[in-house]
Amino acid sequence: MTLEILSWVCLMLGAVLGIIGGIGMHRFPDFYSRLHAAGTTDTLCAALFLLGLGFQAGLTLASFKLFLIFAFLFFTSPTASHSLANAAVLGGLQPKLGKQ
Amino acid sequence: MMYTAAALAIMITIGLALIRALLGPTVYDRIAAVNMVGTKTVILIAVFAFLTGRSDLLDIALIYALINFIGVVAVLKLVEHGNFFTDGKSATEVEKE
Numbered sequence: 570m571t572l573e574i575l576s577w578v579c580l581m582l583g584a585v586l587g588i589i590g591g592i593g594m595h596r597f598p599d600f601y602s603r604l605h606a607a608g609t610t611d612t613l614c615a616a617l618f619l620l621g622l623g624f625q626a627g628l629t630l631a632s633f634k635l636f637l638i639f640a641f642l643f644f645t646s647p648t649a650s651h652s653l654a655n656a657a658v659l660g661g662l663q664p665k666l667g668k669q
Numbered sequence: 006m007m008y009t010a011a012a013l014a015i016m017i018t019i020g021l022a023l024i025r026a027l028l029g030p031t032v033y034d035r036i037a038a039v040n041m042v043g044t045k046t047v048i049l050i051a052v053f054a055f056l057t058g059r060s061d062l063l064d065i066a067l068i069y070a071l072i073n074f075i076g077v078v079a080v081l082k083l084v085e086h087g088n089f090f091t092d093g094k095s096a097t098e099v100e101k102e
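Protein sequence lines correspond, in order, to chains A and B.
Here the first sequence stands for residues 570 to 669, numbered as in the numbering used here.
Here the second sequence stands for residues 6 to 102, numbered as in the numbering used here.
What the hints contain is simulated information worked out from the structure, not anything from laboratory work.
No experiment lies behind these values; they were computed from the predicted model shown.
C-beta atoms are modelled at their ideal positions from N, C-alpha and C, and glycine is treated no differently.
Fair warning: there could be bad hints in the mix.
As the list claims (entries may be wrong) - Label-pair ranges, simulated between beta-carbon atoms:
| hint | chain 1 | residue 1 | chain 2 | residue 2 | range |
| --- | --- | --- | --- | --- | --- |
| 1 | A | Met581 | B | Ala79 | 30 to 36 Å |
| 2 | B | Leu23 | A | Thr571 | 36 to 42 Å |
| 3 | B | Pro30 | A | Gly627 | 45 to 51 Å |
| 4 | B | Leu23 | A | Met581 | 20 to 26 Å |
| 5 | A | Met581 | B | Gly58 | 38 to 44 Å |
| 6 | A | Val658 | B | Leu23 | 21 to 27 Å |
| 7 | B | Leu56 | A | Phe633 | 24 to 30 Å |
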C-alpha cells in the first residue's frame, strides 16, 4: 500500500514536470530559454518516472534495467543539451536580450 | 490506472514537443524538440512495459536511450559542419588526389 502511494506520487510528479517542460517549450521567447525549459525538466522527469516504476518492480532484474536506463539518461540528457547549446552558439544564433 | 495516467501525460508532452518541432523557427529548436520526444519515448516504452506486464520491453527502452543520444549528436554534427567530418569533398574527388 505504501509502495503504491509512493509510486503514484513519483509518477504524477514526473507527469506534471514533463507537461511543464512541454508548455515551457511554447511560452519561452527564444531557443536558449526553451532549451533551459526542456533540458532541466527532462532529467528529473525521467528520474521520477523510473523511480516510480522501480517501486512497483521491487528488487528484480526489471528494476536493475530501470536503473541502467536512469544511469544512461542521467548522463546523456545534460550532454545532449550542452552540445545543442554549443552548436547553436557556434552556429551564430544570438540570444534575445532585454526588452525587444 | 496508474500506468495509463502516466502514459497519457507522456503522450501530451510528446504532442507539445512535436508542435514545437513543426513550428521551428530555427533548426536548433527542432533538434531540441526531437531530443525531448526521444527521451519521453524511452519513458513511454518503460511505462508500457509495466502496463502490459512484459518486462522484456525494458531492453528496448535501454537501446532506444542509447540510439536517441547518438542520433542527436550525429544530427548536431551534421548541422554544425554541413558534412560528416569530410572537408566538403566527395569520395570520388578524394580518390583522384
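Going through the hints against the structure:
1. Against the hinted window of 30 to 36 Å, the Cβ-Cβ separation of methionine 581 of chain A and alanine 79 of chain B comes to about 35 Å, which satisfies the hint.
2. For the pair leucine 23 of chain B and threonine 571 of chain A, the supplied restraint of 36 to 42 Å holds, since their beta-carbon distance comes to about 37 Å.
3. At roughly 47 Å, the beta-carbon separation of proline 30 of chain B and glycine 627 of chain A lies within the given 45 to 51 Å, and the hint holds.
4. About 23 Å separates the C-beta atoms of leucine 23 of chain B and methionine 581 of chain A, a value consistent with the hinted range of 20 to 26 Å.
5. For the pair methionine 581 of chain A and glycine 58 of chain B, the supplied restraint of 38 to 44 Å is violated, since their beta-carbon distance comes to about 21 Å.
6. One distance hint, 21 to 27 Å for the beta-carbon pair valine 658 of chain A and leucine 23 of chain B, holds here, with the actual separation near 26 Å.
7. Between leucine 56 of chain B and phenylalanine 633 of chain A, the C-beta spacing of about 20 Å breaks the proposed range 24 to 30 Å.
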